[in-house]
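Let the hints inform the model, and build the full structure from the sequences given.
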Amino acid sequence: MSVKTNPSTDVFGEVCKKIVGRTKEIRLMIRAVERGLPIIIEGPVGTGKTEMAKALSLSLDLPFVRVDGDDSLTSIKLKGWYDPPLVLEKGFSRETFIPGPLTQAMEDGGIFFYNEVNRAPSETINAVLTALDERLVTIPQLGEIVAKENFLTIFTYNPQDTVATNPLPRAFYDRCIWIHVSHQSLEEMIEIVKMRTSYDDSLLNEISCTVVQATLNHPELEMSSTVRGAIQLVELFKEGEIIEEDILLERAIAVHSRKIRCKTTTKKTEIQIIEEIVSKVLANYEDERIIRKKE
Numbered sequence: 015m016s017v018k019t020n021p022s023t024d025v026f027g028e029v030c031k032k033i034v035g036r037t038k039e040i041r042l043m044i045r046a047v048e049r050g051l052p053i054i055i056e057g058p059v060g061t062g063k064t065e066m067a068k069a070l071s072l073s074l075d076l077p078f079v080r081v082d083g084d085d086s087l088t089s090i091k092l093k094g095w096y097d098p099p100l101v102l103e104k105g106f107s108r109e110t111f112i113p114g115p116l117t118q119a120m121e122d123g124g125i126f127f128y129n130e131v132n133r134a135p136s137e138t139i140n141a142v143l144t145a146l147d148e149r150l151v152t153i154p155q156l157g158e159i160v161a162k163e164n165f166l167t168i169f170t171y172n173p174q175d176t177v178a179t180n181p182l183p184r185a186f187y188d189r190c191i192w193i194h195v196s197h198q199s200l201e202e203m204i205e206i207v208k209m210r211t212s213y214d215d216s217l218l219n220e221i222s223c224t225v226v227q228a229t230l231n232h233p234e235l236e237m238s239s240t241v242r243g244a245i246q247l248v249e250l251f252k253e254g255e256i257i258e259e260d261i262l263l264e265r266a267i268a269v270h271s272r273k274i275r276c277k278t279t280t281k282k283t284e285i286q287i288i289e290e291i292v293s294k295v296l297a298n299y300e301d302e303r304i305i306r307k308k309e
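Under our numbering, the first residue of the sequence shown carries the number 15, and numbering increases by one thereafter.
Hint data in this document are derived by calculation from the structure and do not stem from the laboratory.
Hints should not be assumed to be uniformly reliable.
Distance windows between CB atoms, simulated [claimed, not checked]:
| # | residue 1 | residue 2 | range |
| --- | --- | --- | --- |
| 1 | Lys282 | Tyr213 | 30 to 36 Å |
| 2 | Glu253 | Glu158 | 55 to 61 Å |
| 3 | Glu253 | Ser136 | 48 to 54 Å |
| 4 | Tyr213 | Asp24 | 27 to 33 Å |
| 5 | Ser199 | Glu253 | 21 to 27 Å |
Keep in mind it's a predicted model, so treat the numbers as computed, not measured.
Beta carbons are placed, not taken as given, at the ideal position from N, Cα and C, and that holds for glycine.
So this is what it looks like as C-alpha cells:
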C-alpha cells in the first residue's frame with residue numbers, strides 16, 4: 015500500500031530544509047515511502063537517523079508514533095492491552111482496549127518509528143512482521159485492527175552497538191529497504207550546529223565540530239563523539255565569549271568524556287584523548303579570541 019502525497023507539496027524539498035546533506039538518502043527514503051515499503055535506517059549514534067524520520071513525518075503531515083527498543087518491550091506493550099478495572103465494569107471491548115504504539119500508528123495512519131530495533135526481544139519483531147506483511151494485527155477478544163492507508167514503518171539500527179542487542183531475523187531484512195547513513199562531514203556538521211544552537215558563532219562552531227571530527231576514526235577510540243556533542247559544547251559558551259584553552263578543555267571533557275570510548279589496547283583515558291585533541295585543534299588557529307594555555 016503506497017503513501018499518497020499532496021502533489022502541491024515538494025516533500026523532498028521540505029525534508030531537505032530540515033536535514034543537512036543526506037540528499038541521496040532522503041530521495042531513497044521518500045521513494046520507498048511512496049511505494050509503501052518499510053525502511054531501516056542504519057548508522058552510528060548521532061548521525062541523524064531519528065531526525066530524518068521526524069522530518070519526513072512533518073513534511074508528509076503524518077502522525078509520528080515512536081517506540082524505543084529494549085529488553086522490556088513485549089509484544090503486548092507494542093500492540094496494546096486491556097484496562098483491568100474497565101474490563102471488570104464493561105468487559106472486553108474497543109472501549110476498554112488501550113492501543114500500543116504499533117496499533118496506534120496503524121489506526122492513525124501514521125509513521126510507526128521503531129528506534130534501535132535490534133535491542134528489542136525477538137517476540138516484538140515477530141509482531142511487527144505480521145503488521146508489515148498483512149497490515150493488520152489480531153487482538154484477543156477484539157479481533158483485527160487494520161492499518162489505514164498511510165501507515166508506514168521506519169526502523170533504526172546502530173551496527174556499532176553490540177551490547178544488549180539481538181540478531182534480527184532474515185525475514186526482517188527481506189521485507190525492508192536498507193538506508194545507510196555515516197557521520198557528517200565537517201562542513202555539514204558546522205551547518206547543523208548553526209541550525210541547532212541559539213546563536214551563530216562561526217569560530218566556536220568550527221572549533222567544536224573539529225574536535226568531534228577528530229574523534230571519528232581516531233586510532234585509539236572504539237566509539238567517537240557526535241554532532242550532539244558539538245552542539246552542547248557551543249551552548250556552554252556565551253556568544254562572542256573569549257575561548258580560553260583551559261575553559262574549553264573543561265567543557266569539552268564535560269561534553270565528550272562519556273560519549274567517546276577508548277579501545278582496550280590503549281593506555282590512555284578518554285580525558286587524556288580529549289586533552290590531546292583540544293590542544294591540537296587550537297594549535298591550528300590564530301585568533302585574538304583564543305587564549306592558549308601557558309606552557
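Consistency of the hints with the structure:
no. : hint                        : verdict
1   : Lys282 - Tyr213: 30 to 36 Å : holds, 34 Å
2   : Glu253 - Glu158: 55 to 61 Å : holds, 56 Å
3   : Glu253 - Ser136: 48 to 54 Å : holds, 50 Å
4   : Tyr213 - Asp24: 27 to 33 Å  : holds, 30 Å
5   : Ser199 - Glu253: 21 to 27 Å : holds, 25 Å
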